Amino acid sequence: MPLMDCDSCLEEYPAERVAKIVPCGHTVCLRCLQRSDRKECPTCCRRRVESPSRPTGNFGSATSTGAGSPLAAASPPAESTFNFASPPTTSASCPPRCPHCARSVWEMDVEVVSMYGPMARQRDKAALLAEAPGVTRVAGLFCDKDPVWSLQLLQRVAPTLERLSVGNPSEAHLRVVHAMPRLRRLAVFGVAAALDAEAPALPPGHDGLHWLGVWDMPLAMTQSLLRVHGGSLEELELLVGTADDDKWPYSCRDLHSLLERGGLRALRRLVLWRCRCSHELAACTEQLAEVRRVLPRVEVLCGKCDHVHLEWV
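Reminder that position 66 of the sequence shown reads as 66 in UniProt numbering, one-by-one numbering, no gaps.
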């Protein structure tokens with residue numbers, strides 16, 4: 001039985017070749033890395049800094065899972081190389097035990113710590129929970145490696161959080177995020193197909209999102225999320241492909257209809273990202289024209305054709 005396969009092309013890793021891990025933490029095969037001419041992870045589209053011919057070996061993730069290792073549930077990068085923003089220098093009021101938060105602006109970048117399973121980095125996780133009340137920005141929270149801790153972190157920052165990037169959330173994580181009263185900027189990626197449910201109405205006191213980035217979210221949930229925030233949303237970044245035979249979001253024949261039904265009254269900028277998606281030039285041109293027809297006051301861009309810089313929360 002194979003130990004694992006590539007997240008991107010789904011081909012099995014042969015026994016004589018170890019898996020490769022890129023700085024964002026995803027495990028992929030060397031062929032998928034070499035195919036990308038934009039030096040980005042083929043799974044999440046994040047920029048990488050290493051040459052594709054020399055990615056870090058991920059031998060541990062292919063051999064230790066199921067062997068009782070405390071890191072069996074995680075495939076963490078040695079360090080974060082994806083820069084969500086350049087955070088200010090940590091203020092003196094932030095305890096030395098918590099190097100991941102910048103108290104002068106009440107920010108936390110938890111990408112590295114959240115890539116570890118429940119048995120790892122426990123002191124760091126406890127420190128982050130202690131510092132969480134009052135935080136306004138959390139970047140890089142992966143929920144699937146340690147679901148209990150990530151849910152606790154979301155609950156503690158919920159009253160004051162304004163900006164959040166979150167990956168692989170469960171239904172419980174999404175409920176907490178949806179109810180955050182001050183949340184204005186949200187990037188969410190890796191929502192499981194099993195969670196393809198409609199988002200409920202906003203709770204009292206929530207004015208809606210101003211900026212939303214959606215990567216790998218089921219169709220029904222995407223549609224309902226746009227409707228819920230249609231009156232406030234000003235900028236939308238969406239992973240979606242052009243017309244083809246693949247499934248959503250990697251291909252879409254009626255994107256203009258989806259967006260028209262979203263009631264995006266405040267929208268002024270839309271970016272369509274094509275990572276791992278269908279993207280034919282003629283189909284892209286047609287898709288953009290259809291979207292511009294139903295959203296005439298919106299700046300509509302293709303992330304690939306227009307060379308858009310990836311924005312984060």
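Hints are computed from structural coordinates only; laboratory data are not their basis.
A portion of the hints provided could be inaccurate.
Stated by the list, open to error - Think about it this way: if two alpha-carbon atoms lie no more than 20 angstroms apart in a straight line, the pair counts; the simulated SDA-like pairs of lysine to any residue are:
#1 Lys304 to Trp248
#2 Lys247 to Glu235
#3 Lys304 to Arg253
#4 Lys304 to Met221
#5 Lys304 to Ala266
#6 Lys247 to Arg292
#7 Lys247 to Arg268
#8 Lys247 to Cys277
#9 Lys304 to Arg265
#10 Lys304 to Gln223
#11 Lys304 to Ala289
#12 Lys304 to Ala283
#13 Lys304 to Arg274
#14 Lys247 to Ser232
What you are looking at is a predicted structure, and each value in this text was computed from that prediction instead of being measured.
Outcome of the hint check:
Of the supplied pair hints, the one linking Lys304 and Trp248 holds, its CA atoms being roughly 18 angstroms apart against a limit of 20 angstroms. Straight-line distance between C-alpha atoms of Lys247 and Glu235 comes to about 25 angstroms, which puts the hinted pair past the 20 angstroms bound. The straight-line distance between the Cα atoms of Lys304 and Arg253 is roughly 18 angstroms, inside the 20 angstroms bound, and the hint therefore holds. Restraint check: the Cα-Cα separation between Lys304 and Met221 comes to about 25 angstroms, which exceeds 20 angstroms; the hinted pair is violated.
Between Lys304 and Ala266, the direct Cα distance comes to roughly 25 angstroms. Violation of the 20 angstroms bound is thereby established for this hinted pair. A distance of roughly 23 angstroms separates the Cα atoms of Lys247 and Arg292; the hinted pair therefore is violated under the 20 angstroms criterion. Distance restraint check for Lys247 and Arg268: the Cα-Cα separation of roughly 27 angstroms exceeds the 20 angstroms cut-off, and the hinted pair is therefore not satisfied. Restraint check for Lys247 and Cys277: satisfied, since their Cα atoms lie roughly 10 angstroms apart, inside the 20 angstroms limit.
Our distance criterion of 20 angstroms between C-alpha atoms is broken by Lys304 and Arg265, whose separation comes to about 26 angstroms. For the proposed pair Lys304 and Gln223, the alpha carbon gap of about 23 angstroms is over 20 angstroms, so the pair is violated. At roughly 16 angstroms between alpha-carbon atoms, Lys304 and Ala289 fall within 20 angstroms of each other, so this suggested pair holds. Pair hint Lys304 plus Ala283 holds up; C-alpha atoms about 13 angstroms apart against a cutoff of 20 angstroms.
About 7 angstroms separates the Cα atoms of Lys304 and Arg274, which keeps this hinted pair within 20 angstroms; it holds. As the CA atoms of Lys247 and Ser232 are separated by approximately 29 angstroms, the hinted pair breaks the 20 angstroms bound.
Checked against the numbered hints above, the structure violates hints 2, 4, 5, 6, 7, 9, 10, 14; every other hint is satisfied.
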